[in-house]
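A.B. asks: Produce the entire structure from the sequences given, and follow the hints as far as they go.
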Amino acid sequence: RKEVEQDPGPFNVPEGATVAFNCTYSNSASQSFFWYRQDCRKEPKLLMSVYSSGNEDGRFTAQLNRASQYISLLIRDSKLSDSATYLCVVNRAAAGNKLTFGGGTRVLVKP
Amino acid sequence: DTGVSQDPRHKITKRGQNVTFRCDPISEHNRLYWYRQTLGQGPEFLTYFQNEAQLEKSRLLSDRFSAERPKGSFSTLEIQRTEQGDSAMYLCASSSNFPERGGPNKQFFGPGTRLTVL
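If you read the protein sequences in the order shown, they are chains R and W. Okay, so the first sequence: first residue is 1 according to the working numbering, each after it adds one. Okay, so the second sequence: first residue is 1 according to the working numbering, each after it adds one.
Everything labelled a hint here was simulated from the structure, so no lab data went into it. The beta carbon of each residue, even a glycine, is placed where N, CA and C say it ideally should be.
With a straight-line cut-off of 25 angstroms between C-alpha atoms, the simulated BS3-like cross-links for lysine-lysine are:
id, chain 1, residue 1, chain 2, residue 2
1, W, Lys11, R, Lys42
2, R, Lys42, W, Lys106
3, R, Lys45, R, Lys2
4, W, Lys11, R, Lys45
5, W, Lys106, R, Lys45
Under 7 angstroms between C-beta atoms, here's a sample of chain W residues computed to sit facing chain R:
id, residue
6, Tyr48
7, Glu56
8, Pro104
9, Pro111
C.D. replies: Below you can see the structure in the form of structure tokens.
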């Protein structure tokens with residue numbers, strides 16, 4: 001079983017709609033949580049950190065449920081430019097802060 | 001541009017050849033990480049350095065792989081006797097211990113080196 005699991009998608013989303021997806025992590029000692037965005041054949045870029053209380057950054061909202069060990073990302077008012085792969089990432093200071101990535105969820109926003 | 005840079009961006013080689021990649025981290029970032037990403041998968045950790053010390057190596061890093069960061073600045077990743085299974089994107093990331101510079105959790109990635117082994 002992978003340490004971080006995601007639905008690979010693709011999620012086909014009409015422009016302007018809302019899309020949400022989750023990831024689950026297996027290591028309860030995970031301390032920090034992130035969503036990275038990766039465009040085709042490009043490097044991952046940090047989209048947002050995920051905090052226990054949930055946090056919002058513009059049209060993006062991230063939630064963390066430690067009890068159930070899952071993280072979610074919600075995108076409101078989807079733009080064509082939101083089409084990308086969204087990588088769920090966890091890390092632990094005790095593990096040298098190396099990042100453990102999920103396989104990514106592909107989102108395609110269509111006009 | 002003061003981001004992470006990697007060289008070369010693309011490398012095509014024949015099976016059995018040796019290849020070396022270079023990563024230049026963000027200036028004054030003391031942590032440097034190497035990851036490998038194959039098609040349809042998320043990046044997987046290979047190794048990391050704190051300054052010049054290599055602190056951890058993944059089991060993915062076979063004896064054919066070696067990484068160095070001799071002066072605590074740039075790093076090289078060498079693959080000896082390449083195999084077709086080594087074909088992947090090799091990503092380098094850096095971070096700082098200091099919160100005012102993002103802290104150790106925030107890793108910034110370079111553009112990657114795409115390796116194709118024929």
